[in-house]
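Asks: So you can see what is in the structure, the chains are spelled out below.
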Amino acid sequence: MVQEVSFVHCADIHLDASFKGDGSHSFSSERRKDLKKTFEAIINIVLEKDADFLLISGDLYEHDYASKSTINWLNEQFSKLGDKPVVIVTGNHDPYVKNAWYRIYPWRENVRILTTASPEFMDNTRNVYFYGIGFDTFRQERLPDIKPPSISTEKINICLFHGTLDMDFTGNPYNPVSSEELHRLGFDYYALGHFHRKNESLAEAGMIYPGSPEPLGFDEQGEHGVYFVSISKENGKAETRYHFIQIQQRKYVEYNLDAGGIQSEEELIKRAELLLSSSNAERDIVKINLSGRIPADISLDLAALEHALADRCFSLDINDCTYPDYDLDELAKEKNITGVFINMMKEKIDNASGDEKQMLEKALYLGLEALLTGKVDIS
Amino acid sequence: MKINRLEVNGFGRLENRSFVFGPGMNVIYGCNESGKSTLQAFIKAMLFGLKGGRRSKEGFLPPAKQYKPWTARMYAGTIEYELDDGRRYSVNRNFENNTLAIYDEHANNITGEFPAGKEEGVRFAEQHLGLSENCFNRTVFIGQLQSVVDSEGKKILAERMTNIRQSGDEEVSYRKAVKALKEAQLSHVGSERSTTRPLNIISSRLEEAIREEQAASKLHEDSISIFIDLDNAKKEETILNKELETLLSKRKKLQDIAEVKSLRDTIQTLEQYIDKLNKIDLRKKEIKNEIKCVEMKMEPQKSYENFSQEDIDSMVEDSARFGFIDEDCRRILRQKDELEEKIKEDEDILSEYDIFNKYGTEIDTVLDKILNDEHGQAGIEQESTEKRNRMNKRFKTRKRISAGGAVLSFLLLLSAVLFPRYYPQNAYLPLLISGIVVLAGMGALLLYTLKKQKLLLIEDSAKKREYEAVRAERQENRRIVNQWLEEANVETLQDFIRLKGLYEDKKLHLQNLRENRERLEEDEEKARIQRNEILERIAERLETAGLIAEPGILSEQIQIWKDNLKEYLESIRLKEELENENVSLLEKEESLYREVSLVCGEDIMTRQQIIKAVEFRKEKLAGREFETQVEERDISRIEEKIQEVNEQIKQNGLLISRLSAMLENIPDDESLQQIHEKVQELTEEKRKILFLGEAIETAIQVLSEASLTIQRDYVPSLNREIGDILNTITSGKYKEVNADDRLNLNILSPESPELVLPEQLSSGTADQVYLALRLAAVRLVEKNGETMPLFFDEPFVQYDEERTENALRLLLDESQKRQIFLFTCKKREIELLMKHKTNQEISTHCLH
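Those protein sequence lines, which keep their order, are chains A and B. To convert, note that position 299 of the first sequence is 431 in this note's numbering; the numbers rise steadily by one, no gaps. To convert, note that position 528 of the second sequence is 584 in this note's numbering; the numbers rise steadily by one, no gaps.
Please note: incorrect hints may appear among the correct ones.
Stated by the list, open to error - Here are the simulated DSSO-like cross-link-like pairs (lysine-lysine), alpha carbons at most 30 Å apart as the crow flies:
hint, chain 1, residue 1, chain 2, residue 2
1, B, Lys291, A, Lys216
2, A, Lys480, B, Lys235
3, A, Lys230, B, Lys706
4, B, Lys235, A, Lys507
5, B, Lys618, A, Lys478
6, A, Lys383, B, Lys742
7, B, Lys744, A, Lys478
8, B, Lys742, A, Lys152
9, A, Lys465, B, Lys873
10, B, Lys298, B, Lys274
11, A, Lys494, B, Lys107
12, B, Lys742, A, Lys480
13, B, Lys107, A, Lys402
14, A, Lys480, B, Lys232
15, A, Lys480, B, Lys291
16, B, Lys232, A, Lys230
17, A, Lys168, B, Lys873
18, B, Lys744, A, Lys402
19, B, Lys100, A, Lys465
20, B, Lys100, B, Lys353
21, B, Lys274, A, Lys165
22, B, Lys274, A, Lys200
As the list claims (entries may be wrong) - Residues on chain B that point at chain A, a partial pick, calculated with CB under 8 Å:
hint, residue
23, Leu728
24, Glu750
25, Ala751
26, Thr754
27, Glu842
As the list claims (entries may be wrong) - Computed spacing ranges between beta-carbons, pair by pair:
hint, chain 1, residue 1, chain 2, residue 2, range
28, A, Asn388, B, Gln183, 30 to 38 Å
29, B, Ser716, A, Glu397, 57 to 65 Å
30, A, Gly392, B, Gln183, 26 to 34 Å
31, A, Asp433, B, Lys290, 33 to 41 Å
32, A, Glu252, B, Glu695, 45 to 53 Å
33, A, Glu252, B, Glu688, 49 to 57 Å
Keep in mind that the hints were calculated from the coordinates and are not lab data. All values reported here derive from a predicted model rather than from experimental measurement. All C-beta atoms in this analysis are idealised placements derived from N, C-alpha and C, irrespective of residue type, glycine included.
Chain A on its own, in the form it takes in the complex (with noise of 0.2 Å):
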């Protein structure tokens, strides 16, 4: 006998969550909102396709900035569903502590919450067995004490997981586990959630990452969405199928722009502006990353060049990465202070890496400008 069912899974809608973005509370109240919008758009989806249940595996929302209304309003999105069960798994930002809306909210009984001390649910409608492995604290560094999984080829199983598989597990405090250790558990398909990238690489052993619906940053760039998953199980051997829907409200998209060789900063914006109109700058969240030697007579004002922009992107942010445009190697030669301070300098940056680099770089710069001018401009 075929035993067939479908459902949504999705993870890592982090509602209620706190956005660094351009510094506006316009800019992190409207993400916030996007994050509800693409929740509703999850949901429409397990509507429109009819989907038997929907998975959240993990961090549904943030728990140290949920509210009240939110958690309502989260449960009303769960009401629409009617009977269909909505199967959550918690997470490492939404965990079964002591004060988890999970454990105290009244929430509706098509909502089943797979918690350590109970991680499992029949739902013997759809002969399908749901296993959860969450957490019960904010960090776990390694898996939960749970009871063994209770397998029957004559169901189908799924495991809904959250944290961290197939990486460097030392000191990682977010359930470490392989993906053959998961595998050896038998399940037909592993729900998995953590990461904020879509990750179907192990779809074959039926473990996938759906990723963030929303990207919460510059991290998370690309297509965001869910998926939509059909199983359908003969004598015991399952067939998966699935495909991704992007159902993101809003992109991360970063630009890097050369500012070499700039004569004005009107040139520079114009070329920003060239930049933009390539994307759709106005519902994405956009970056840019300037770079390039700028003349030493040009001091760039970062907040004009954001201003002049301002009107054609959801939110902007310029990163100056340029710097002055001197012959360092020219300079070094000079038998003076000058070039005793650029051969120094530049031998600690040759030593340093990361932020120490950029600092030493930053300090390069600083130094020569009051050395060949006399003065330092910051702007």
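With chain A's structure known, arrange chain B on it following the hints.
Replies: Just chain B now, with coordinates in the frame of chain A:
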């Protein structure tokens, strides 16, 4: 390096000019605007090329355009130079198309042997000279030497010298750079000691934001806690309501059981009441019969109906008194007879004393007068005489005193009237008045005394008449008494009086006997009356009862009367008793009905009603049988528990209200995220400031290290070079230069044990020191490298003759070691050079 030849095809104002230079001193003479600066620029451009590009910010043309000739067809030139090792090179450069060709002394094009950059072009000069363009420019080109006539000039000179010592370059100021960095750090970063700088402000704002975040976070946690408490309270409310429901149900059941029990008890009680009422009815009937019997018994004794127990007592009393009084009557009669006998005896005796009966009281009167006269007559008379004599004597004395006083007073008055001057004037009037008063008083006394004496004389004559009358009466009385003595047959008055005493005693005794007899007679009468009264009362009672009151059978009759009356009274008492019992039973019956009414909770007046009430309850009982027995305290306990649960529900309700209100008051918005974002933003801002601060600090530190390196590696050599040069140009006056801890340049003067600062030197000496510094700097730069030519562009414009002469001497000396180009507009300088030259060759070129 020596520049042997220049060919200018076209460069600025120079066009098709050729210059061949000597190995030592070369003087390029020309007035202003003759092209001296252009020639210097040409030399630099030939070696390092010209920068192209656009117009600068300040509006200056880029060098490539600046020197483009206006008229010449070519914008190009050639330089031929020779290095210290004797190798010669020729460089052709076309500025128009920015190309060049380098040839060695064998005319080989060796351009390709040198590194080339897109902008910098072929970098042959750097390789041959060992100096960058900047370094070359700053080292070998020496502009107008500063006038050090005034103190400001000396200061600038000192700064330049210090720059050379600290940075190895007179144009680059270590101090200025560090100062600029520190200023930037102060204005854009701040320090731990500062309070108003960006770092302090951002730290303060960040701390405040963190506090706000902690408060908001706590509020968020609190809201969750309150939510939990509220949820628990609501759950508790449900539990309590269920508990209350259970208790109410239990109470209902217990009340049912209790009601059944109550019904049973009531029925039982009512049946008991019915029983009691039946008994009362029975007794009432018995009493009725008993009363009837008593009344029948009383019928024949109806004549006693007006008697009472008091009548019995009165009858007994009367009966007793009757006996006593009868006895008294008999006793009185006996006493009366004895008294009559005694009275008769006394009357017989008194008949013998007839005289006393005859005269009666007269005897007593006469006897009294006689006895009183004998004792009082003589005394009265004596007393009257003594009184009269005493009064007369007193009147006589008074008359004498008053007459004498009156005469004396009169005489004094007379003398006063006649001889007033012999009296003191102030006492005259009082004395006169006193005399009149005394005279009047004496007159009055005399008149009073005479009047009293007259009254006494009248009284004496009346009393004499009274004595005469008394004496006559006395004589009469004595005659009567004598007559009585004869009749009584006694001799003396004393015997007569004694006989009279015996008569009066007997008479008194008889009177007493008679009085006794009268009293007995009165007693007899009283007893008789009482006896009759008693007898009358007894008879009346007996006759009322139909009995006969005869003295002989009186006692018997009385006894019969008493017995009958007692019996009758007993019947009456019995009847009353029965009637009272009947009343009591009626009252009890009423009381029972009242009790029944209370039990039933309605007015019950008849037994029928009670029976109905019983039946009604029995109907209610039908089918309601409970085995469980309920104690009153069970319901009481349940009631207490219900009250307790109700109180808990009330308290819980209050808690729910309070928690709901608290939850309402906690903002349910994005404030927590917003404050967290603010903290992140401020943290990032602070990080940037700290980053900048660290970069500035590092720059200062590395600059300091670089400066120290310069001083360590460069300054000792510089000091030596300067010393050598100074020794030469000051003819041994100054030969030692040192740097102090603050990197100030100090010069050891032979005239003073103290170190002197450059600005303290005389102007001429300062020039020499500065020139020595420049030359020393050049020597250091070219150390182990090419010997650089030096270009002096109008260096001595502000120098006086003597200073110019000294300086030129120094340059002549120097031209023996290196090629020197002196650009000047002063012929005098050429003359001075010629004057002071020894074996040096001086090549002169004229620009015009």
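Asks: Against this structure, judge whether each hint is valid.
Replies: Hints, one by one, checked against the model:
Distance check on the hinted pair: B:Lys291 and A:Lys216 sit about 27 Å apart at the alpha-carbon level, within 30 Å; holds. A hinted pair counts as satisfied when its Cα atoms are at most 30 Å apart, and A:Lys480 with B:Lys235 qualifies at roughly 23 Å. Taking the CA atoms of A:Lys230 and B:Lys706, the gap is near 28 Å; set against the 30 Å cutoff, the hint holds. With a C-alpha separation of about 8 Å, the suggested pairing of B:Lys235 with A:Lys507 holds against the 30 Å cut-off.
Taking the CA atoms of B:Lys618 and A:Lys478, the gap is about 164 Å. The hint is violated against a cut of 30 Å. The straight-line distance between the Cα atoms of A:Lys383 and B:Lys742 is roughly 28 Å, inside the 30 Å bound, and the hint therefore holds. A C-alpha spacing of about 22 Å is found between B:Lys744 and A:Lys478, which places the hinted pair at or below 30 Å, so the restraint holds. For a cut-off of 30 Å, the pair hint linking B:Lys742 to A:Lys152 stands: about 15 Å separates their Cα positions.
Simply put, A:Lys465 and B:Lys873 have alpha-carbon atoms about 25 Å apart, close enough for the 30 Å limit, and the pair holds. With a C-alpha separation of about 36 Å, the suggested pair B:Lys298 and B:Lys274 falls outside the 30 Å cut-off, and the hint is violated. Restraint check for A:Lys494 and B:Lys107: the C-alpha separation of about 27 Å stays at or below 30 Å, so the hint holds. In summary, the hint linking B:Lys742 to A:Lys480 is supported, as the alpha carbons are separated by about 24 Å, within the 30 Å threshold.
Distance restraint check for B:Lys107 and A:Lys402: the Cα-Cα separation of roughly 27 Å lies within the 30 Å cut-off, and the hinted pair is therefore satisfied. With a C-alpha separation of about 24 Å, the suggested pairing of A:Lys480 with B:Lys232 holds against the 30 Å cut-off. Restraint check for A:Lys480 and B:Lys291: the C-alpha separation of about 67 Å exceeds 30 Å, so the hint is violated. Taking the CA atoms of B:Lys232 and A:Lys230, the gap is about 62 Å. The hint is violated against a cut of 30 Å.
Restraint check for A:Lys168 and B:Lys873: the C-alpha separation of about 85 Å exceeds 30 Å, so the hint is violated. At most 30 Å may separate the alpha-carbon atoms for a hinted pair to count; B:Lys744 and A:Lys402 meet this at roughly 28 Å. For the hint pairing B:Lys100 with A:Lys465, the CA-to-CA distance comes to about 18 Å; that is within 30 Å, so the pair holds. Between B:Lys100 and B:Lys353 the CA atoms are separated by roughly 183 Å; this puts the pair beyond 30 Å, and the hint is violated.
A hinted pair counts as satisfied when its Cα atoms are at most 30 Å apart, and B:Lys274 with A:Lys165 qualifies at roughly 24 Å. Using a Cα cut-off of 30 Å, the hinted pair B:Lys274 and A:Lys200 holds, with the two alpha carbons roughly 15 Å apart. Hint status for B:Leu728: holds, given a least beta-carbon distance of 5 Å to chain A, under 8 Å. Restraint check, B:Glu750 versus chain A: the minimum CB separation of about 5 Å is within 8 Å; hint holds.
Contact between B:Ala751 and chain A, as hinted, is supported at the beta carbon level, the nearest pair being about 4 Å apart and thus within 8 Å. Hint status for B:Thr754: holds, given a least beta-carbon distance of 4 Å to chain A, under 8 Å. The beta carbon of B:Glu842 is not positioned within 8 Å of any beta carbon in chain A (closest approach about 13 Å), and the interface hint is therefore violated. A hinted range of 30 to 38 Å for the beta carbons of A:Asn388 and B:Gln183 is consistent with their spacing of about 37 Å.
For the pair B:Ser716 and A:Glu397, the supplied restraint of 57 to 65 Å holds, since their beta-carbon distance comes to about 58 Å. A beta carbon spacing of about 28 Å between A:Gly392 and B:Gln183 agrees with the range 26 to 34 Å that was offered as a hint. Checking the proposed 33 to 41 Å range against A:Asp433 and B:Lys290 shows it is violated: the Cβ atoms sit about 59 Å from each other. A C-beta distance of roughly 48 Å is found between A:Glu252 and B:Glu695, which places it inside the suggested range of 45 to 53 Å.
Checked against the given bound of 49 to 57 Å, the beta carbons of A:Glu252 and B:Glu688, roughly 55 Å apart, stay inside it.
Violation of the numbered hints given earlier is confined to hints 5, 10, 15, 16, 17, 20, 27, 31; the remaining hints are satisfied by the structure.
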